[in-house]
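Take the given structure of chain A and dock chain B to it, following the hints.
Number of protein chains: 2
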Amino acid sequence: MTRATLRPDLAILTMAGFLDARPRVGYFYSGKKTMTSVTESMMNLKVKDFQSLPVVVSENMTVYDAIVHMFLEDVGTLFVVDENTLLQGVLSRKDLLRTSIGSQDLNTIPVHIIMTRMPNIVYCKKTDSLIVAAKKLIERQVDSLPVVHETDKGFEIVGRLTKTNITKAFISLAETHDL
Amino acid sequence: MTRATLRPDLAILTMAGFLDARPRVGYFYSGKKTMTSVTESMMNLKVKDFQSLPVVVSENMTVYDAIVHMFLEDVGTLFVVDENTLLQGVLSRKDLLRTSIGSQDLNTIPVHIIMTRMPNIVYCKKTDSLIVAAKKLIERQVDSLPVVHETDKGFEIVGRLTKTNITKAFISLAETHDL
Chain A
1 MTRATLRPDL
11 AILTMAGFLD
21 ARPRVGYFYS
31 GKKTMTSVTE
41 SMMNLKVKDF
51 QSLPVVVSEN
61 MTVYDAIVHM
71 FLEDVGTLFV
81 VDENTLLQGV
91 LSRKDLLRTS
101 IGSQDLNTIP
111 VHIIMTRMPN
121 IVYCKKTDSL
131 IVAAKKLIER
141 QVDSLPVVHE
151 TDKGFEIVGR
161 LTKTNITKAF
171 ISLAETHDL
Chain B
1 MTRATLRPDL
11 AILTMAGFLD
21 ARPRVGYFYS
31 GKKTMTSVTE
41 SMMNLKVKDF
51 QSLPVVVSEN
61 MTVYDAIVHM
71 FLEDVGTLFV
81 VDENTLLQGV
91 LSRKDLLRTS
101 IGSQDLNTIP
111 VHIIMTRMPN
121 IVYCKKTDSL
131 IVAAKKLIER
141 QVDSLPVVHE
151 TDKGFEIVGR
161 LTKTNITKAF
171 ISLAETHDL
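Chains as they are written, first to last, in the UniProt record's numbering: chain A, 1 to 179; chain B, 1 to 179.
If you're looking for bench data, these hints aren't it; they were derived computationally from the structure. Be a bit skeptical, because a hint or two may be false.
Copies of the same chain look alike in the list, so a pair counts if it fits in one copy or across any two.
Claimed, not checked - Cut-off 16 Å, straight-line C-alpha distance, at most; resulting in silico cross-link-like pairs (EDC-like, lysine to aspartate or glutamate): (1) K168 x E139; (2) K135 x E175; (3) K136 x E175; (4) K135 x E156; (5) K153 x E83; (6) K94 x D74; (7) K153 x D82; (8) K125 x D49; (9) K136 x D74.
Computed from a predicted model, the values in this text were never measured in an experiment.
Pulled out of the complex, with its shape left as it was, chain A reads as follows (with noise of 0.2 Å):
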């Protein structure tokens, strides 16, 4: 056939939207993704794609201190370690703003006392998928998700995962498929 030819099968696809036909050019691939690309990229998204470095304090830390370590990190939530690296808490920005208006000396305060314990700390693992550890985010009303690495021990802390990391996400989504 010549290149101007609606073959019938090919027909169907320019009416489907798949093709554009381009008369005496010929059929070219329109651009347009195949019917599940934007949803296959969302479900292979993972925590370890979009996860960003965790920045540790030590339990003994003061308040005052952690607070300024925070400005410095440029971060909204830090994770407090034991002498072994391992995970025991969290404390958010939220946190160390209740503290500092509370009567306590900041100076003094150290932040094992404020921060949350497990069992209440909500964290993900880096093969997690994007959508499930975003739920958590929003379920558990958390700004930010410890991304660890189970041991025997406990939890090493291999990452950060906040709603950033999430909306940094679904923009790429809309850049990946050119919107």
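Only chain B this time, still in chain A's reference frame:
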């Protein structure tokens, strides 16, 4: 034709995954979404569909009272308005935390001293694309955007768009498409 006859045009659709051929009982829509459904879903998401209610305070409220107000309202950002309820400033949890560890008395310093003012306020409108608003949150490194309605006198605040809203949108995309 009989219901089980494979018409050439339907055969193409079957190959393309649009239809399942079930001999003797005819063709059924397979449940797969059309090509660009998730893509289109994303493009059609608007700020107004995901925004939260704004929480506003007056310019003369003290920093201490603003922090308490932030906890009572359970938000991460307060918008500061003048006597005509027009947008004058934005107060983030980070702004308040920074001030709380300073040497100033939180009970005497008014929020207008520490707030972010125009032209440094990043905002959006309710008919804006959610993708564009998400990019603003990331590029300008803010947790929240006031959703504004522009008038001759200034900006009225009609909503609040946060990374939490974007995270919910991300989840809803997945849920709409049964991921």
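Now the hints, each set against the structure:
1. K168 x E139: between (20 Å within a copy, 10 Å between copies)
2. K135 x E175: between (22 Å within a copy, 11 Å between copies)
3. K136 x E175: between (25 Å within a copy, 14 Å between copies)
4. K135 x E156: neither (22 Å within a copy, 32 Å between copies)
5. K153 x E83: For K153 and E83, the Cα distance is within 16 Å only inside one copy (12 Å; across copies 58 Å).
6. K94 x D74: Both, since 15 Å and 10 Å are each at most 16 Å.
7. K153 x D82: within (11 Å within a copy, 55 Å between copies)
8. K125 x D49: within (12 Å within a copy, 31 Å between copies)
9. K136 x D74: neither (23 Å within a copy, 18 Å between copies)
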